[in-house]
Amino acid sequence: MTAAVESVRTLTLREVGPAERGTRPDEVVIALSPAFGEPFTKTIVDVPHAEVIRQLLAGIEERGGSARIIKVYRTADLAAIAHFGAKLSGSGIAVGVLSRGTTVLHQRDLARLSNLELFPQAPLLDAEVFRMIGANAAQYAQGQSPRPVPTRNDQMARPRWQAKAALLHLKEFECIDHARAAVEVEPVITRVD
Amino acid sequence: MTSDVSELTPADYPLSINRPDLLRTPTGKALGDITMAGVVSGEVTNEDLRVTPDTLVMQGQIAESVGRRQLGENCRRAAEMTAIPDEEVLAMYNALRPNASTAAQLEEIASRLEGTYSASTCAALVREAAQVYAARTLLAEEDS
Amino acid sequence: MTAVAPRSESAVHTSKRTAILEDRPVNLDGFVEEWPEKGLVAMESDYDPQPSVRVEDGRIVELDGRTRDAFDFMDTYIADHAIDVETCEAAVATPSVEIARMLVDPRTSRDEIVALGRGLTPAKILDVVKLMNVVEIMMGIQKTRSRRTPANQAHSTSAKDNPIQVAADAAEAAVRGFAELETTLGVLRYAPLVAIGLQVGGQTGRGGVLTQCALEEATELDLGMRGITAYAETISIYGTESVFVDGDDTPWSKAFLASAYASRGIKMRFTSGTGSEVQMGNAEGRSMLYLEIRCILMAKGAGVQGLQNGSISCIGVPGAVPGGIRAVAAENLVASWMDLECASGNDQSFSHSPMRRTSRLLPQMLPGTDFVCSGYSGVPNKDNMFAGSNLDTEDYDDWNVIQRDMQVDGGLRHVREDVILQVRNKAARAMQAVFAELDLPAITDEEVEAATYADSSDDYPDRDVLADLEGAKSVMDRGITGLDLVKVLERTGFGDVAENYLQVLRQRVSGDLLQTAAIFTGDFVPLAAINDANDYAGPGTGYRLSGERWEELKKLRHVTSAENPEEEVV
Numbered sequence: 001m002t003a004a005v006e007s008v009r010t011l012t013l014r015e016v017g018p019a020e021r022g023t024r025p026d027e028v029v030i031a032l033s034p035a036f037g038e039p040f041t042k043t044i045v046d047v048p049h050a051e052v053i054r055q056l057l058a059g060i061e062e063r064g065g066s067a068r069i070i071k072v073y074r075t076a077d078l079a080a081i082a083h084f085g086a087k088l089s090g091s092g093i094a095v096g097v098l099s100r101g102t103t104v105l106h107q108r109d110l111a112r113l114s115n116l117e118l119f120p121q122a123p124l125l126d127a128e129v130f131r132m133i134g135a136n137a138a139q140y141a142q143g144q145s146p147r148p149v150p151t152r153n154d155q156m157a158r159p160r161w162q163a164k165a166a167l168l169h170l171k172e173f174e175c176i177d178h179a180r181a182a183v184e185v186e187p188v189i190t191r192v193d
Numbered sequence: 001m002t003s004d005v006s007e008l009t010p011a012d013y014p015l016s017i018n019r020p021d022l023l024r025t026p027t028g029k030a031l032g033d034i035t036m037a038g039v040v041s042g043e044v045t046n047e048d049l050r051v052t053p054d055t056l057v058m059q060g061q062i063a064e065s066v067g068r069r070q071l072g073e074n075c076r077r078a079a080e081m082t083a084i085p086d087e088e089v090l091a092m093y094n095a096l097r098p099n100a101s102t103a104a105q106l107e108e109i110a111s112r113l114e115g116t117y118s119a120s121t122c123a124a125l126v127r128e129a130a131q132v133y134a135a136r137t138l139l140a141e142e143d144s
Numbered sequence: 001m002t003a004v005a006p007r008s009e010s011a012v013h014t015s016k017r018t019a020i021l022e023d024r025p026v027n028l029d030g031f032v033e034e035w036p037e038k039g040l041v042a043m044e045s046d047y048d049p050q051p052s053v054r055v056e057d058g059r060i061v062e063l064d065g066r067t068r069d070a071f072d073f074m075d076t077y078i079a080d081h082a083i084d085v086e087t088c089e090a091a092v093a094t095p096s097v098e099i100a101r102m103l104v105d106p107r108t109s110r111d112e113i114v115a116l117g118r119g120l121t122p123a124k125i126l127d128v129v130k131l132m133n134v135v136e137i138m139m140g141i142q143k144t145r146s147r148r149t150p151a152n153q154a155h156s157t158s159a160k161d162n163p164i165q166v167a168a169d170a171a172e173a174a175v176r177g178f179a180e181l182e183t184t185l186g187v188l189r190y191a192p193l194v195a196i197g198l199q200v201g202g203q204t205g206r207g208g209v210l211t212q213c214a215l216e217e218a219t220e221l222d223l224g225m226r227g228i229t230a231y232a233e234t235i236s237i238y239g240t241e242s243v244f245v246d247g248d249d250t251p252w253s254k255a256f257l258a259s260a261y262a263s264r265g266i267k268m269r270f271t272s273g274t275g276s277e278v279q280m281g282n283a284e285g286r287s288m289l290y291l292e293i294r295c296i297l298m299a300k301g302a303g304v305q306g307l308q309n310g311s312i313s314c315i316g317v318p319g320a321v322p323g324g325i326r327a328v329a330a331e332n333l334v335a336s337w338m339d340l341e342c343a344s345g346n347d348q349s350f351s352h353s354p355m356r357r358t359s360r361l362l363p364q365m366l367p368g369t370d371f372v373c374s375g376y377s378g379v380p381n382k383d384n385m386f387a388g389s390n391l392d393t394e395d396y397d398d399w400n401v402i403q404r405d406m407q408v409d410g411g412l413r414h415v416r417e418d419v420i421l422q423v424r425n426k427a428a429r430a431m432q433a434v435f436a437e438l439d440l441p442a443i444t445d446e447e448v449e450a451a452t453y454a455d456s457s458d459d460y461p462d463r464d465v466l467a468d469l470e471g472a473k474s475v476m477d478r479g480i481t482g483l484d485l486v487k488v489l490e491r492t493g494f495g496d497v498a499e500n501y502l503q504v505l506r507q508r509v510s511g512d513l514l515q516t517a518a519i520f521t522g523d524f525v526p527l528a529a530i531n532d533a534n535d536y537a538g539p540g541t542g543y544r545l546s547g548e549r550w551e552e553l554k555k556l557r558h559v560t561s562a563e564n565p566e567e568e569v570v
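Protein chains in written order, with our numbering: chain A, 1 to 193; chain B, 1 to 144; chain C, 1 to 570.
If you are wondering where the hints come from, they were derived from the structure by calculation, not from laboratory data. No residue lacks a Cβ here, since even glycine has one placed at the ideal position from N, Cα and C. Don't take every hint at face value.
As the list claims (entries may be wrong) - Computed from the model, here is a short list of chain C residues facing chain A with C-beta under 7 angstroms: (1) Val278; (2) Asn381; (3) Thr492.
Please model the complete structure; the sequences and the hints are all you need to start from.
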């Protein structure tokens with residue numbers, strides 16, 4: 001499924017302070033789940049978290065947006081993570097990402113269980129899709145209406161991935177820390193050859 | 001209710017074949033009156049294609065006669081519900097969802113079921129739900 | 001952190017045999033280790049409660065180790081509605097091994113074991129089925145299945161939501177023998193047109209086939225009330241309070257809904273299955289089967305006639321843990337034993353391995369269930385909008401051969417090509433007439449021709465989707481009902497289809513389809529677990545594939561004639 005990666009990028013999320021409301025009107029907040037980056041390092045189909053972040057940032061940047069990353073500890077519910085991020089976002093737009101890769105584009109004024117675009121099938125999300133998601137986020141942040149990222153479907157995702165997804169979900173739940181407030185983080189991506 | 005109804009047994013099933021004499025549409029037509037000719041002439045209407053409370057009670061008795069107590073109860077609740085318009089049935093269902101109604105709102109529904117529709121079995125179900133929801137904090141906030 | 005060794009990609013040397021095995025389809029399936037503390041375990045967990053029950057003043061005050069003050073709403077509902085208060089203390093005191101033997105032993109009648117089951121708690125039922133291996137579970141299903149005659153259900157959907165495709169494939173599925181047909185949508189707004197396609201196609205293929213459209217509760221009920229669909233199935237229930245609430249329902253709201261369907265004369269069953277709770281992260285540390293048994297008892301308590309179970313959309317979860325497919329068979333057994341109609345799964349893409357797909361199917365197909373598949377894909381899997389089934393149209397001939405090999409009735413039959421082409425063509429023409437009469441976007445002759453010979457949605461001309469969606473909306477806005485469709489079919493020369501459809505609608509008046517496991521024979525005789533109650537009592541009893549039906553199942557696409565071996569039997 002995933003090609004062998006010859007050079008590996010590792011991701012460190014350096015804490016820079018409490019997660020606060022941003023002011024830049026073109027800002028996209030990337031809101032990460034409790035286990036993202038640490039202790040987990042890759043999605044359900046082995047896309048390194050470093051690559052997820054790199055592609056989202058590249059997508060946002062190439063469409064002229066700016067990005068800020070926060071990490072959430074009090075919930076592992078994707079809709080809640082993304083909606084929380086959207087409320088802190090200067091533009092009201094956020095990308096929520098679970099450590100297994102499941103991703104949603106959210107907007108501050110929408111109901112929590114609603115969304116702009118949802119990518120529920122984590123096994124189908126690769127680097128290219130994450131870049132497109134970033135690009136769309138930036139366009140939403142600038143008040144545009146981009147074409148939704150084409151959704152993929154795979155009949156055989158269930159037999160292959162459903163149980164692993166459940167396992168990863170349970171592990172992510174174990175990383176919830178109700179006592180720990182969300183923080184803003186800075187990604188440090190290093191390349192290991 | 002006709003007197004022989006209380007003696008319904010599995011041998012009466014299917015009613016459409018073995019006991020069509022017991023069946024009426026809500027407008028009082030016999031099952032045999034539902035024909036294509038009747039449909040084309042407009043004598044048979046949508047109202048005729050519904051089940052009556054009497055028929056539901058009979059089906060409930062047949063179910064109970066083979067030990068299906070709960071299916072019988074469901075048929076009795078259903079018999080009561082035939083009087084409630086479609087939209088209101090849906091609204092009541094939505095009101096029974098978790099955190100959707102206050103205790104007072106559920107009691108209002110129960111009273112309406114009892115008063116307007118003589119649906120005492122349905123009312124009991126709603127009151128029972130209200131009690132459990134209160135204990136499990138599944139009632140809507142009282143404030144608004 | 002994750003104690004998983006990397007796969008052997010880095011290993012330099014593998015044998016040629018290993019390379020071949022690595023490439024086998026089964027190795028594309030996912031398998032995981034158990035995690036019982038979190039409920040990621042099929043049916044044998046130290047974290048499940050021990051059976052117990054105590055009655056005071058005619059009320060159950062203790063259930064499986066919990067006293068009433070600690071009951072969650074599932075405990076409350078099951079204690080107050082599902083379990084017989086009079087018999088439960090004695091029933092639970094019966095040794096589990098004794099009950100398990102009664103389930104298997106043909107000398108214990110179905111009535112006897114069902115009556116005993118009415119007094120059992122969820123943990124006691126689990127304790128019983130844990131003693132049974134998969135063959136014993138099948139023995140139990142054979143005896144406790146509610147309807148004597150097994151049947152089958154098909155999915156008819158379209159990747160393009162094309163109503164003509166749905167109609168043609170429904171007609172073919174009906175003529176092949178399915179007793180029920182189910183559809184759902186990619187674009188939900190297409191629902192009225194696709195549901196009409198399913199009904200018109202189904203009644204063209206075989207009068208009396210029952211149809212349903214899986215949607216959110218309110219719309220599903222609405223289409224049923226209008227008489228565009230005949231029954232409902234996607235009424236989901238869950239085994240923990242938290243997941244039930246996440247699904248925005250409670251046992252009381254679902255019980256109310258069950259009565260609402262019955263009040264309109266519409267057949268309905270609930271849906272549940274192993275794995276859904278752990279999949280949603282809230283199994284509360286219980287095994288998948290324990291939670292499913294709670295669902296089964298909740299359904300019984302609500303008085304709904306039946307249940308679709310067998311993991312259903314979560315099959316990848318029990319399918320990935322040890323003993324998972326045994327647990328799935330066990331949940332079908334418990335539903336049958338609790339005297340519910342059981343539509344027994346086999347309805348979702350399950351494995352990359354053809355061998356594994358077949359072995360997963362046998363515990364339901366061999367003993368027979370009320371619906372062996374609660375969704376055999378009557379379209380190619382790529383058109384299956386339920387995300388694929390364990391079986392699809394490519395498997396029709398295999399299924400027919402397995403029926404013939406094993407002399408079991410899986411509800412289908414081989415049908416000659418000319419008959420299939422005829423019903424597909426007629427279904428498409430009936431749709432063409434209905435659309436024209438109702439001022440819906442026209443169906444061209446080219447589309448009718450395509451429907452006659454097509455395999456998948458790729459073989460049809462594209463429809464104007466926006467115009468169709470407008471049309472779908474107008475069907476709802478104009479309040480078009482099943483009776484309107486009957487009139488249109490009658491008026492446009494499809495009198496036999498109209499008559500079949502009217503017969504289905506007429507049944508609402510009798511309520512006959514509300515009884516457990518009711519279906520229609522081809523002659524519109526309701527067949528339920530009353531006039532066709534399962535009477536299995538050991539060898540030589542119960543449903544036996546014989547006579548005319550067996551002759552029918554001996555036919556295949558290619559069988560060499562005994563009389564003239566140079567020819568095939570037609």
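Going down the list of hints, with the structure as the test:
1. Val278: 6 angstroms, holds
2. Asn381: 5 angstroms, holds
3. Thr492: 37 angstroms, violated
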